[in-house]
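If you're matching them up, the sequences are chains A, B, C and D in order. The numbering used here applies: residue 1 is where the first sequence begins, and numbers increase by one. The numbering used here applies: residue 103 is where the second sequence begins, and numbers increase by one. The numbering used here applies: residue 306 is where the third sequence begins, and numbers increase by one. The numbering used here applies: residue 472 is where the fourth sequence begins, and numbers increase by one.
Hints in this document: simulated from the structure, not taken from any laboratory. Check each hint, because a few of them may be wrong.
EDC-like, lysine to aspartate or glutamate: derived pairs with alpha carbons at most 20 Å apart [claimed, not checked]:
(1) K803/D with E106/B
(2) K855/D with E106/B
(3) K274/B with D205/B
(4) K525/D with E127/B
(5) K525/D with E114/B
(6) K855/D with E114/B
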Amino acid sequence: MTLAGYLIVAALLFAVGLAGALTRRNAILVLIGIELMLNAANLNLIAFWRYGRSPEALTGVLFVIFSIGVAAAEAAVGLAMIIAIYRHYKTTNLDYIDSMKG
Amino acid sequence: MLGEGIVRGLAETARNFLGSFVSKERLTTVQFPEERLPQAEAARDFPFLVYDGEDWQAGMRCVACQICEKECPPKCIFIEKSKDKKPDALGRAQFYPARFDIDVSVCMSCQICVEVCPFEAIKMDTAFELSTDDRFGGLLWDRQKLALSDAHYHAIHPTDAAHTDELLAAEKAKAEARTKAAVAKASPAPMPQPPAPAAANEP
Amino acid sequence: MTLPFTIIAALTIAGAVAAMSLRNLVHCVLALTLAFAGLAGMYLLLGAQFVGFAQILVYIGAIAILTVFAILLTRGTEPDAFLDLPSAWVSNSVIVAAVFGVLVWAVHSSPLSRRTLPPPPQITVRQIGFALMDRFVLPLEVIGLLLTAALIGAVILAMHEKQAAK
Amino acid sequence: MTETIDQIFVILKHWLVGHVPTAVEPIVSELLSVVPIILLFPLLFALITVMERKGLGRIQNRYGPNRVGPCGILQPIADGIKTLTKENIVPHSADKVVHLLAPLLLVMATFLGYAVLPVGRNMVAANMDAGVLFFFAVGSMTELSVFMAGWSSRNKYSLLGAMRAIAQMISYEVPLILSSVTVIMAAGTLSTVSIVEQQSGYTGIFPHWFVFTPWGFAGFVLFMIAATAESNRSPFDLPEGESELIAGYYTEYSGFKFALFFLAEYLGMMSISGMAITLFLGGWAAPLSFLTWIPSYLWFFGKLFFFIAGFIWIRGTLPRLRMDQLMNFAWKFMLPMALINLVTAGVWRFMPTGILRWLVCSAMVVAPYVLLGRGFMLGKRLEKRTYRFAD
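Please model the entire structure based on the sequences and the hints provided.
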């Protein structure tokens with residue numbers, strides 16, 4: 001089992017997340033796409049940590065732990081924002097939320 | 103103090119739990135099919151037809167006057183009057199029901215048939231375990247199934263039955279007095295029809 | 306390719322694709338939890354037990370549930386959640402294909418990626434705890450601060466309208 | 472001799488594993504750990520149902536089930552046959568796949584929790600380094616299956632019940648984990664086996680259980696309250712309140728799937744009780760030093776029985792809470808208490824052993840309890856309730 005396998009899975013995950021975030025118009029699904037991309041990055045970090053020269057340093061693992069913490073904060077704030085926007089515009093479709101277009 | 107009430111409640115339930123093992127009077131449950139609570143005297147379920155004496159056909163009090171059939175709110179009584187007559191308890195010739203059916207699946211136990219019956223012929227039974235696997239015929243009771251003896255009536259509703267007996271005895275006495283008076287007068291002509299039906303037809 | 310890795314990778318990718326392509330939003334989130342669970346499985350395969358369990362606890366236990374709540378609180382207005390501009394579809398596909406191509410090219414051209422699995426390191430939770438309290442204490446404090454700020458911020462954002470209505 | 476009886480299942484397992492070819496040895500070894508769990512705990516579930524029904528009956532001055540078998544002991548078999556032969560009804564508009572998956576996922580998640588519970592000396596299915604974290608991680612998966620059940624039924628009662636259940640579980644997960652963090656801090660490990668080993672010593676005849684410290688006792692009480700809420704037991708059973716939500720998220724389930732929900736509820740109750748035993752009550756350790764000759768697994772199951780009886784007793788006593796009371800209790804009482812308890816555990820760790828440590832830490836737990844309790848009861852009129860029309 002080589003490192004490439006994990007990296008390809010992570011790349012696929014990232015591409016799927018990116019495609020979703022670009023294509024879907026529902027704000028919640030865009031957020032889900034971003035979550036997926038973040039997870040792909042986490043997978044990369046863990047894979048590099050495991051295949052790296054000094055796994056005892058634990059840098060990869062701790063980076064992922066912090067990243068999960070950040071993702072939790074991001075999801076909480078992001079979803080709160082979506083709910084606040086929904087209250088205002090009565091939609092979560094990003095195409096209709098365009099009052100700051102200028 | 104928070105939690106005080108919880109502790110008190112727990113103590114109460116613990117007392118119940120342990121008490122139910124030591125004192126039998128705490129447990130109010132009656133183990134039904136084996137043990138039974140005595141029925142209240144005023145209990146009522148579905149109507150039955152009272153007969154006097156031993157033979158249910160001879161002693162049937164019902165004269166097929168069809169008042170109950172007309173009064174029954176859910177219309178669950180079906181009566182067919184007989185063509186001939188038979189003597190009743192007082193010895194007078196009366197019609198009798200050739201057919202008397204009660205659909206107990208329709209009956210609502212309102213007791214109106216009992217209230218209106220002028221002959222004290224229909225009363226409320228107390229039997230309640232009546233389930234049957236025959237959905238259509240099993241709950242349509244014919245006159246044979248409905249006929250129950252006066253003794254049974256006395257057994258289930260003693261007070262009520264005593265009162266009924268008094269009424270019937272008074273009736274009988276009245277009828278006898280009238281017969282005696284008729285004999286004493288010795289008038290050959292038949293009596294005019296009295297207004298009250300219970301006051302008896304001329305024998 | 307070992308069998309557990311293949312199964313878990315297939316489940317993860319399938320979950321992610323389903324999450325991004327299904328019509329029903331709740332189905333999307335349920336598929337997403339499958340992808341998250343698959344990722345947790347991958348972390349376990351890679352010997353990162355603590356991270357794997359943290360992934361389940363945070364992503365499945367909290368983020369998926371939070372997303373579901375958000376969907377139930379906001380749904381019912383949009384008939385079709387997909388982009389309806391053909392030109393945007395084309396440009397999006399190009400972007401995604403380009404990103405994926407670059408990533409795969411980078412993976413394949415790197416000599417690092419052909420490295421085989423080294424013997425598993427002896428990592429205990431104790432070591433992670435010591436590292437968190439020792440070398441990484443500043444990031445830990447910052448994360449704590451960030452989470453507190455996010456908590457307060459989320460509450461204020463979600464409560465704002467209600468307060469104004471009163 | 473006592474050693475042999477104590478380890479009999481471990482020896483048996485080793486003996487059995489020694490007789491299979493080496494290729495399948497790990498699989499057989501795992502199977503021999505998993506199959507007893509999957510067999511034993513559902514059996515316990517069956518016993519608990521009849522125990523609960525009889526116990527509740529006695530609390531309410533009734534007999535409880537006493538028809539099937541001697542004293543009604545075979546009642547669970549009758550119940551099982553009844554549920555298995557019932558028709559499996561799926562609502563017409565339900566999401567069929569999710570509707571099917573929800574109970575399966577729920578039972579799977581609750582069973583997974585047993586993997587890290589040490590039910591006896593050397594008797595644990597998986598001695599994981601992050602065992603406690605694993606337990607709470609799979610515990611949090613139940614929320615998702617509850618949501619799946621409620622949402623896929625397409626029934627507003629189910630959805631409301633599921634939403635209530637999730638809100639309740641998330642709220643009470645915080646004090647649950649925080650109160651167990653005290654033990655993790657004191658033991659310095661996340662492995663359940665090591666936590667039990669740390670509590671297995673004795674001072675005189677008394678054991679070193681964490682419950683016999685001020686923070687341990689407070690943590691234990693908080694943990695049990697949160698565990699009651701987490702397993703949706705009365706008085707926190709409002710997600711499935713029969714009188715308000717007609718059984719909540721499993722309204723639309725029947726037959727075997729309903730039985731699975733029922734099973735999962737009791738399995739969850741048992742597993743979280745097992746976790747409380749592991750964290751606070753010394754796991755399989757004997758409560759007094761001269762009782763160590765009794766096999767360790769008997770001690771574990773004895774303590775489990777004690778906990779289940781407690782759950783039944785609580786259920787027979789307390790009325791159901793209201794939603795706002797539930798949330799207030801979680802966030803305004805449980806959470807501050809758990810946080811203060813965390814600090815207390817730290818103080819206990821760093822103070823020298825002695826009477827002073829006991830005094831300080833007890834004060835640190837009792838004072839907030841009294842104050843928070845006062846604050847919690849403030850503004851509540853608790854006089855005898857009067858009814859306008861009934862009297």
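The hints, checked one at a time:
Taking the CA atoms of K803/D and E106/B, the gap is about 19 Å. The hint holds against a cut of 20 Å. Taking the CA atoms of K855/D and E106/B, the gap is about 16 Å. The hint holds against a cut of 20 Å. In summary, the hint linking K274/B to D205/B is not supported, as the alpha carbons are separated by about 33 Å, beyond the 20 Å threshold. The suggested pairing of K525/D with E127/B holds, with an alpha-carbon distance near 18 Å, which does not exceed 20 Å.
Taken as a hint, the K525/D and E114/B pair is honoured in the structure, with Cα atoms around 17 Å apart against an allowance of 20 Å. Note on K855/D and E114/B: the hinted pairing holds, with a Cα-Cα distance of about 18 Å set against a maximum of 20 Å.
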